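Using the hints provided, position chains B and C relative to the given structure of chain A.
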Amino acid sequence: MVIKVTNDGPVRVITFNHRSSSNPFSRNLQVAVTQAALDASADDTVKAVIFTGGTGRSFSAGGDFNEVRQLSSPQDVDKWIDTFMDMYLAILRIPKPTFGAIEGYAIGIGFQVALMLDWRIMSKTAKISIPELRHGIGGSVGGAILTALYGADVARETMLGALEFGADEALLRHFVQEISSPSTVMSVTLEKALDRAQFASESYKNTKSAICQPTERALLECIDVSKKVHRAAFERKAMASHFENILSRSRHNSTSN
Amino acid sequence: MVIKVTNDGPVRVITFNHRSSSNPFSRNLQVAVTQAALDASADDTVKAVIFTGGTGRSFSAGGDFNEVRQLSSPQDVDKWIDTFMDMYLAILRIPKPTFGAIEGYAIGIGFQVALMLDWRIMSKTAKISIPELRHGIGGSVGGAILTALYGADVARETMLGALEFGADEALLRHFVQEISSPSTVMSVTLEKALDRAQFASESYKNTKSAICQPTERALLECIDVSKKVHRAAFERKAMASHFENILSRSRHNSTSN
Amino acid sequence: MVIKVTNDGPVRVITFNHRSSSNPFSRNLQVAVTQAALDASADDTVKAVIFTGGTGRSFSAGGDFNEVRQLSSPQDVDKWIDTFMDMYLAILRIPKPTFGAIEGYAIGIGFQVALMLDWRIMSKTAKISIPELRHGIGGSVGGAILTALYGADVARETMLGALEFGADEALLRHFVQEISSPSTVMSVTLEKALDRAQFASESYKNTKSAICQPTERALLECIDVSKKVHRAAFERKAMASHFENILSRSRHNSTSN
Chain A
-3 MVIKVTNDGP VRVITFNHRS SSNPFSRNLQ VAVTQAALDA SADDTVKAVI FTGGTGRSFS
57 AGGDFNEVRQ LSSPQDVDKW IDTFMDMYLA ILRIPKPTFG AIEGYAIGIG FQVALMLDWR
117 IMSKTAKISI PELRHGIGGS VGGAILTALY GADVARETML GALEFGADEA LLRHFVQEIS
177 SPSTVMSVTL EKALDRAQFA SESYKNTKSA ICQPTERALL ECIDVSKKVH RAAFERKAMA
237 SHFENILSRS RHNSTSN
Chain B
-3 MVIKVTNDGP VRVITFNHRS SSNPFSRNLQ VAVTQAALDA SADDTVKAVI FTGGTGRSFS
57 AGGDFNEVRQ LSSPQDVDKW IDTFMDMYLA ILRIPKPTFG AIEGYAIGIG FQVALMLDWR
117 IMSKTAKISI PELRHGIGGS VGGAILTALY GADVARETML GALEFGADEA LLRHFVQEIS
177 SPSTVMSVTL EKALDRAQFA SESYKNTKSA ICQPTERALL ECIDVSKKVH RAAFERKAMA
237 SHFENILSRS RHNSTSN
Chain C
-3 MVIKVTNDGP VRVITFNHRS SSNPFSRNLQ VAVTQAALDA SADDTVKAVI FTGGTGRSFS
57 AGGDFNEVRQ LSSPQDVDKW IDTFMDMYLA ILRIPKPTFG AIEGYAIGIG FQVALMLDWR
117 IMSKTAKISI PELRHGIGGS VGGAILTALY GADVARETML GALEFGADEA LLRHFVQEIS
177 SPSTVMSVTL EKALDRAQFA SESYKNTKSA ICQPTERALL ECIDVSKKVH RAAFERKAMA
237 SHFENILSRS RHNSTSN
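Chains as they are written, first to last, in our numbering: chain A, -3 to 253; chain B, -3 to 253; chain C, -3 to 253.
Watch out, some of these pointers could steer you wrong.
Identical chains share a label here; the pair holds if one copy fits it or two copies do between them.
[Unchecked claim] Dumping the calculated BS3-like pairs for lysine-lysine here, alpha-carbon to alpha-carbon at most 27 Å: (1) K201 x K233; (2) K120 x K75; (3) K224 x K201.
Just so you know, these hints were derived from the structure itself, not from any lab. Note that the structure is predicted; figures quoted are calculated from it, not measured.
Only chain A is shown next, with the shape it has when bound in the complex (with noise of 0.2 Å):
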């Protein structure tokens, strides 16, 4: 199975598991991420919702690039950014709190998908990384994400600048809430939401709709220019290498650690 859905008294953990450790969201990873956020969302016994990669796996190395070589059409890339949309929705709209257990990588899209979430808690040792313009694709969903999130500047300097951000540096930009050992990143995490699903659901739910709106806006606004951007971004090959660059990465990272 390509995520794995578990309870833990009244959290729910969704626990991606596709076959490679990086997590890559293909399109199977990301249509039952999306269901499952959907499925937490409904299901009144939920009071609150973890997301993970894994113990000792990577959270997300964001695109899968066996499937974004295969993309043969402007259509094709169309809905490629949908799919991923409809992701990113699904989990920001999550009335309940949620929470992200980052270990490893979380590149690109798989960073994006952590920003959706409340609150997030991150391994001393892992990585965050936005190297799309490095690898000559752009980066106008996260741009906007962050814009949203953090202001432009914070979001100019993360995606113009393809850096990369170990715990202490992400904590210092709020991009994670918490650092942990790598050891007891998912216990912290199921701590703090076993904690928060104690909170009133219903005041809960309209104070995290009030927040999260003008993100949920910033999103719907930039999929038109993101798709005017991930296809040129196509028709000069840009995804195929970059996504070759991160995978052949996240291989090297893998066998050495």
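Quick look at chains B and C alone, frame taken from chain A:
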């Protein structure tokens, strides 16, 4: 008197003087503060304004439990929110340098009042706290204020996390601009206010109005959502238990200090 | 020549070269910088752009006092603001990686020009300063830029506080992205620019344009307010005394250094 209004040269000092040292925002206190803000705005001899809870007293522990539990209809809730909004807007619109001297606790609405001020000086031992969601009531006004001032991520982590901040953490997030020892909070604030009282009033007014406009708009836009959120909480009797919690804590604290 | 334009491989270097080492933005300097920004945008051989005040010279001490005191009508004030806006927009719209190498002082308009750039490297001994309100003139343009980039609270504390920042404080607020020793500011900036010059231009352009759009809109929206604020200050003769202060300070500084 529920407030004290004094002058120190060109600086107007407005002291919250509720009979409780935790300075809950009773309707009387709110109406008096709103009027004092309007008076300070209109008085040409006033060149800067300081808001304080009084030496050795809390800036404000937020809403007044004794009044909240007497709200007996949705219309009462709406009126309660309108009274707060009038106070927020009257303070935000003071076209002069405004300062907050924060000792003890600034909780919920108390913190939000502080955020209406241009510059906040916090005692090393003071605490800022946003416990609403933990106690089951909504925080959409706080969310709107924090989003306008700091971006959606700080709003999300602060409101949804129901967090408490010591002085260092508050400074790190720009919730306050300066930290001082408890014994010097007022003198440091006064020195700052006297300096800025010399700035040309017309330019200060114009620049401040331009900068504060998005925050003002955010406040005005969230009134309806806020009424909806609080009505819903009221119907679940969440507000009463929230303020019960705050009250018992402040009591505990003023005993133990 | 009031600017020097050179190339280092694919990197265009635009050096403000006012006869005064404090690089006040005279009309001549503004027009030359605007043209140089347009040229760099249009020239396909240019892959990145550095703006600098020259080695051992200030990035820019802001407006040119000698010209400001000759403004003799409200129409002159409007034209003065239009010239600045043209420069800000021409720099912000460069569809390529842009860098600022900041030595000496970046004051008022000088700081605002730096904020139009994607990435800012600051000498350990440089100072950023926004003294407008202390000198009685408005700062609504600075307020609009800072609000778009950093949120309303940083805008409020920076503009209304008429603050000065050393390199560490500037880095903490993301006003600059890197600090360097005075002797290496230019070489560090060049190294960074050469790296980013390799990014695919089309994707950089599209992503940057998406991220910078809210800042551009904020600039365009504040033109009218800015004219109103500065006309008012002009009528009170505040601008003349402001620039007198800046000038005497820069003079003092270039003597003492």
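Verification of the supplied hints:
With identical chains, the CA atoms of K201 and K233 are at most 27 Å apart between copies only, with a shortest distance of 17 Å across copies and 42 Å within one. Taking CA atoms no more than 27 Å apart as the test, K120 paired with K75 passes in neither setting, with 36 Å inside one copy and 49 Å between copies. With identical chains, the CA atoms of K224 and K201 are at most 27 Å apart between copies only, with a shortest distance of 12 Å across copies and 34 Å within one.
Of the hints listed earlier, the one the structure fails to meet is number 2.
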